[in-house]
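With the hints as constraints, model all of the structure from the sequences given.
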Amino acid sequence: MIGTSTLYTLAGVLLFGMGLYALIAYPHLLRKILAMNVMGTGVFMVLISIAYQGPTQRADPIPHALVITGIVVAVCATGLALTLATRIQALTGSARLETDEEA
Amino acid sequence: MMVVVWFDVTLVIILLVCGWLALTTPNLLRAVMLFIAFGLLVALAWVRLQAPDVALAEAAVGSGLTGALLLSTLSAMQRASQKRRSRMEAMQQSTKEEYDAG
Amino acid sequence: MQDRDFNRALQADDDTRLTQSRLLVLALATALVAGLAAAAITFPDDFGRLAPLALDSLPRSGVLNPVTAVLLNYRGYDTLLEVVVLLLAIVGVWAIAPTPRIWFKTPDTPVLATFVRLLLPLMMVVAGYMLWLGADEPGGAFQGGAVLGGVGVLWAAAVVWLPRAGRPFWLRLLLGAGVAAFVIAAVGLLFLRGNLLQYPPEQAKTVILVIESAAMFSIGATLAMLFIGGYPRREEAK
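Residue numbers (the numbering used here), protein chains in the order written: chain A, 1 to 103; chain B, 1001 to 1102; chain C, 2001 to 2238.
None of these hints come from the bench; they were simulated from the model.
Be a bit skeptical, because a hint or two may be false.
Just so you have them, the derived chain B footprint on chain A, three or more residues with Cβ under 8 Å [said to hold, decoys possible]:
#1 11 to 22
#2 32 to 39
#3 44 to 52
#4 58 to 69
#5 73 to 87
#6 90 to 97
Just so it is clear, CB atoms sit at the ideal spot from N, CA and C, and this is done for glycine as well.
So this is what it looks like as structure tokens:
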């Protein structure tokens, strides 16, 4: 039987892996940005689950502060990346990074 | 060792399925919608892990504003490619007319 | 099939078939997940936590919410640099994008505009309340800033009122306010107390609240401007 903390740690690890796969495998830029966000959420989940100390004890506030900082920085990075993606589409006509195989 | 609460197990399963679908569904609009739902479920997970501060930030920023950003970009991209498409069609039309004339 | 092709052409559809090379990527990602999961399960329980230290110093930090104490007091540097990152992001967006991403169009229905007009002041109050609450309860500058960002997004979406073309001075002021307040507090304390961002315990709450409110407005403005995307330059906007 695994504890709540471990359950969420494993979920975070799985989210990270899922995001990494989608980031590498799929060509559309918007999907890649989405995948980056899912990866980030996975990392946050690992941090928050480490901070969790059981239902009776107060959780560790330091990882929480790190994650709040991380969430706001992630949305900024997303905004910048989306602007770059729109620009790439305007300049090349496609919002996909086509691989040789598909081209 | 603590016993796993069934609520947590269910939440994690729904969350992972939602995330996976957001990453693999072909239609991007659907993917963004699923991502917003995913963000809200993650906020619920933060509450379960006794992190209400993070839950507030996630619900507002991670899910709401990121969703708005993604949706506006998606519609901007669609507008741009629609414009490009109609321009290319017009170009094809005009070259065809020139060909017919010449 | 016709519909699918059209969707692809409109950039709305992505190719997510499971090809051979993707299967390889999936296998590698699975291997990584397995390794990380093994590490997560064997993660030691008794590592040196900083939580007791953070909670013990809480009476001297000026606030009762430990997360706010970490963000604005113990790890003030991090938050200062984060506010700088926000400013850099918006500078980056303005440098890359020549025009706004969204279409400013007066909504067809008066319901949206009226609703947003009613909602906006309420949201402003909620943002301020969250900021004030952040000292003792869950909340704070980032959550309040996010609500203000939402105000900006609704504002832009319903076109309640828009500044004329160009980048008005007050907008730059709003975007830079967080960094400015933080740097002024840091340098002022450096001269007064000899240490960067080390607040005197008696005035800590005041300093934190001043920095937080400036940061909240900057965060809100930055998030709203990220949504709008590029801003037309003065000469281009005719």
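Here is what the structure says about each hint:
no.	hint	result
1	11 to 22	holds (count 7)
2	32 to 39	holds (count 5)
3	44 to 52	holds (count 6)
4	58 to 69	holds (count 5)
5	73 to 87	holds (count 7)
6	90 to 97	holds (count 3)
In this structure, none of the earlier numbered hints is contradicted; all agree with it.
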